[in-house]
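2 protein chains.
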Amino acid sequence: MTAPKRAPGGFPVVGIIGGGQLARMCQPAAENLSITLSVLAESPDAAAALVIPSAPVGSHLDVDEVLAFARDCDVVTFDHEHVPAPVLHALVEAGVPVHPKPEALVYAQDKLAMRERLTELGIPCPAWAQVHDTVELAAFGDLHGWPVVLKTPRGGYDGKGVRVVDSATEAQDWFDRGEPLLAEAKVPFTRELAVLAARSPSGQAAVWPVVQTVQTDGICTEVLAPAPGLDPDLQAQIAQAALRLAGELDITGVFAVEVFEVPGVAGGPPSYVVNELAMRPHNSGHWTMDGSVTSQFEQHLRAVLDLPLGEVAPRAPWTVMGNVLGGADEELYSTYRHLLARDPGLKVHLYGKAVRPGRKIGHVNVYGDDLDQLRARAQHAADYLEGTVRQ
Amino acid sequence: MTAPKRAPGGFPVVGIIGGGQLARMCQPAAENLSITLSVLAESPDAAAALVIPSAPVGSHLDVDEVLAFARDCDVVTFDHEHVPAPVLHALVEAGVPVHPKPEALVYAQDKLAMRERLTELGIPCPAWAQVHDTVELAAFGDLHGWPVVLKTPRGGYDGKGVRVVDSATEAQDWFDRGEPLLAEAKVPFTRELAVLAARSPSGQAAVWPVVQTVQTDGICTEVLAPAPGLDPDLQAQIAQAALRLAGELDITGVFAVEVFEVPGVAGGPPSYVVNELAMRPHNSGHWTMDGSVTSQFEQHLRAVLDLPLGEVAPRAPWTVMGNVLGGADEELYSTYRHLLARDPGLKVHLYGKAVRPGRKIGHVNVYGDDLDQLRARAQHAADYLEGTVRQ
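Quick mapping for you: the protein sequence lines, in order, are chains A and B.
As numbered in UniProt numbering, the first sequence has no gaps in its residue numbers, which increase by one up to the final residue, 391.
As numbered in UniProt numbering, the second sequence has no gaps in its residue numbers, which increase by one up to the final residue, 391.
Hints were generated in silico from the structure; no laboratory data involved.
Among the hints, erroneous ones may be present.
What the hints assert, rightly or not - No more than 27 Å apart at the CA atoms, straight line, and that leaves these computed lysine-lysine pairs for DSSO-like:
{"id": "1", "chain 1": "B", "residue 1": "Lys5", "chain 2": "A", "residue 2": "Lys5"}
{"id": "2", "chain 1": "B", "residue 1": "Lys360", "chain 2": "A", "residue 2": "Lys360"}
{"id": "3", "chain 1": "B", "residue 1": "Lys360", "chain 2": "A", "residue 2": "Lys5"}
Claimed, not checked - Residues of chain A placed beyond 10 Å of chain B at every Cβ, according to the derived structure:
{"id": "4", "residue": "Glu116"}
{"id": "5", "residue": "Val187"}
{"id": "6", "residue": "Ala341"}
{"id": "7", "residue": "His349"}
We put the CB at the ideal spot given by N, CA and C, even for glycine.
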């Protein structure tokens with residue numbers, strides 16, 4: 001493995017395990033800060049490998065490959081949460097600074113561990129239980145009401161590993177795998193929100209404003225920053241929960257907490273329950289690339305290097321992010337050219353990925369004063385690139 | 001030469017001759033737009049070669065190396081203006097789209113050609129003449145007054161190739177080189193301004209607001225965007241001159257026109273004369289990286305690819321850029337860490353270059369409402385990184 005080229009002047013190398021779009025989007029921030037990135041990529045044409053000079057191909061499951069990769073890095077962080085605990089611990093034992101640490105990362109890798117810990121901390125969650133079979137699931141559903149949200153504790157993302165069941169027998173196939181599942185009461189929520197924050201090994205922390213996320217078929221398709229009309233007390237509660245979690249779980253780096261906003265009872269104030277926890281830059285934070293003084297990718301690099309964190313103030317009254325999904329047409333460049341002509345203020349972020357129907361291939365950001373107009377622009381851009389509108 | 005890895009979907013490769021900081025700063029914009037860059041670099045550790053995967057080492061003076069490099073590129077552009085005309089013409093003859101074109105670039109390469117063309121177009125210039133010896137220079141000085149600004153027509157930058165002489169005999173050493181020189185009357189200017197603009201091969205053009213530049217020893221050290229208190233008529237005149245020049249000279253890509261603001265006669269309105277012309281992204285436009293909807297680097301890529309140009313509106317009332325020069329201390333990272341702690345809103349852009357006293361190694365941008373505070377922050381950051389202030 002060739003050592004990454006380091007900028008002179010004592011600047012560090014950050015190793016990222018995984019060469020997806022999150023690693024890719026760290027590169028512009030790294031370039032400005034003179035930090036060198038090195039990614040352990042899945043393939044030579046991984047999203048990040050197209051833009052980062054040091055991108056050796058290797059597997060995040062192979063402890064020797066990961067250790068060899070880490071040898072040239074001052075700190076190691078992640079593009080995804082799928083690095084197994086033994087590999088993480090081997091890195092730590094080899095003296096490599098790893099952020100987030102394995103002890104924190106487990107709460108993003110294992111949803112049962114997350115629910116248990118959050119409940120201990122008194123952070124609001126939906127009613128939940130670990131269930132081993134249809135009998136336990138039936139008991140849970142009968143107690144908390146049907147349908148029930150059933151989750152595989154590990155490996156889920158973008159709606160995968162989550163299903164909503166109306167009866168216990170429906171879930172027989174998942175129990176047949178022999179692993180316990182997480183059952184959660186279906187929360188009657190108003191909307192989905194997310195809070196993004198960062199914490200450094202020294203304990204400095206910063207929280208961006210709470211945003212509203214719009215999910216379509218389990219994939220985040222739109223983010224409104226900040227969440228329109230959010231009750232200021234609820235904003236403060238959610239931000240405080242994120243900071244408290246960061247400290248209690250000793251999270252380092254950028255992380256996101258996805259929550260449901262729950263309507264107030266009998267005209268009372270709204271509340272929230274935590275849905276998911278992600279310990280890395282997150283789709284709900286892509287708006288920060290153009291909408292905040294410090295982007296989540298710059299902040300993640302600062303945090304894992306224990307550099308002082310950057311300012312998280314929004315740069316415009318509203319920023320709207322629209323995810324771009326692949327459509328039927330593999331050729332994207334001519335579509336994009338037309339789109340740039342239509343909207344000269346659109347900020348396009350593409351991931352260098354081959355177009356496949358439904359695959360996340362990029363996102364757009366727009367910012368300004370008029371939320372409805374911004375939503376229309378972002379939606380149009382996403383639809384146009386996907387090919388579902390033609391003009 | 002290994003071909004650069006191209007993003008799927010029909011996205012192009014832009015070749016940049018020269019691996020300096022201007023090529024380097026195109027890379028974040030390219031990554032977002034999914035455009036692949038390839039740089040013909042001076043060395044494996046050139047500023048751009050540290051961050052761009054495709055960075056073959058070669059000379060911009062060698063026509064075969066340049067042609068081989070260009071073979072994998074959809075368009076070729078430049079980090080600097082030093083590529084000789086025969087190399088440029090060989091590219092054009094080989095069918096490579098080159099932007100800016102050699103016929104335009106000559107006006108940035110040759111100051112005598114520039115003065116001649118601008119004068120033909122009726123664009124205000126200082127009084128000037130081509131001078132071949134001390135006799136011609138003495139005649140010019142006696143006519144227009146001493147001191148005289150003397151310039152080598154080619155190869156100057158950052159104050160190099162320019163001197164101010166009080167008598168003709170002082171310049172004997174430059175005449176001894178056997179090349180004619182450009183003599184210019186010293187203009188009694190109020191301040192230096194610059195206008196940055198872009199034009200695409202299709203003829204679309206866009207102009208950023210006129211900025212004020214502050215030069216120290218011939219190096220741009222500070223840029224105030226927009227130029228404070230600028231007469232709106234003068235802003236319009238300068239912007240119109242830039243657009244007219246772009247069309248008349250058939251400029252493609254980003255370019256900058258540096259001008260002197262000249263006080264009005266007898267209480268009349270101020271006017272301007274053109275000082276220099278640069279046909280590439282320019283130091284006076286670094287503020288756009290954080291201060292404008294579209295940065296000059298993104299705009300340059302759009303322009304040379306004949307993509308629609310992006311919006312050039314400022315994002316804040318004021319943006320101030322401060323150039324960072326190298327100081328005595330080669331170790332920069334610990335200084336930078338302290339600086340990030342002091343000013344969490346500071347946007348740092350470092351070029352990955354070894355520190356040498358007086359060398360441009362980066363710049364900082366700050367933006368907001370209070371110009372005096374912004375100037376103080378940018379100045380402090382530059383001084384602190386240079387090591388001339390310690391706290």
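These are the hints, each one checked on the structure:
no.: 1; hint: B/Lys5 with A/Lys5; in the structure: holds (19 Å)
no.: 2; hint: B/Lys360 with A/Lys360; in the structure: violated (40 Å)
no.: 3; hint: B/Lys360 with A/Lys5; in the structure: holds (20 Å)
no.: 4; hint: Glu116; in the structure: holds (35 Å)
no.: 5; hint: Val187; in the structure: holds (36 Å)
no.: 6; hint: Ala341; in the structure: violated (4 Å)
no.: 7; hint: His349; in the structure: violated (5 Å)
Checked against the numbered hints given earlier, the structure breaks hints 2, 6, 7 and satisfies all the rest.
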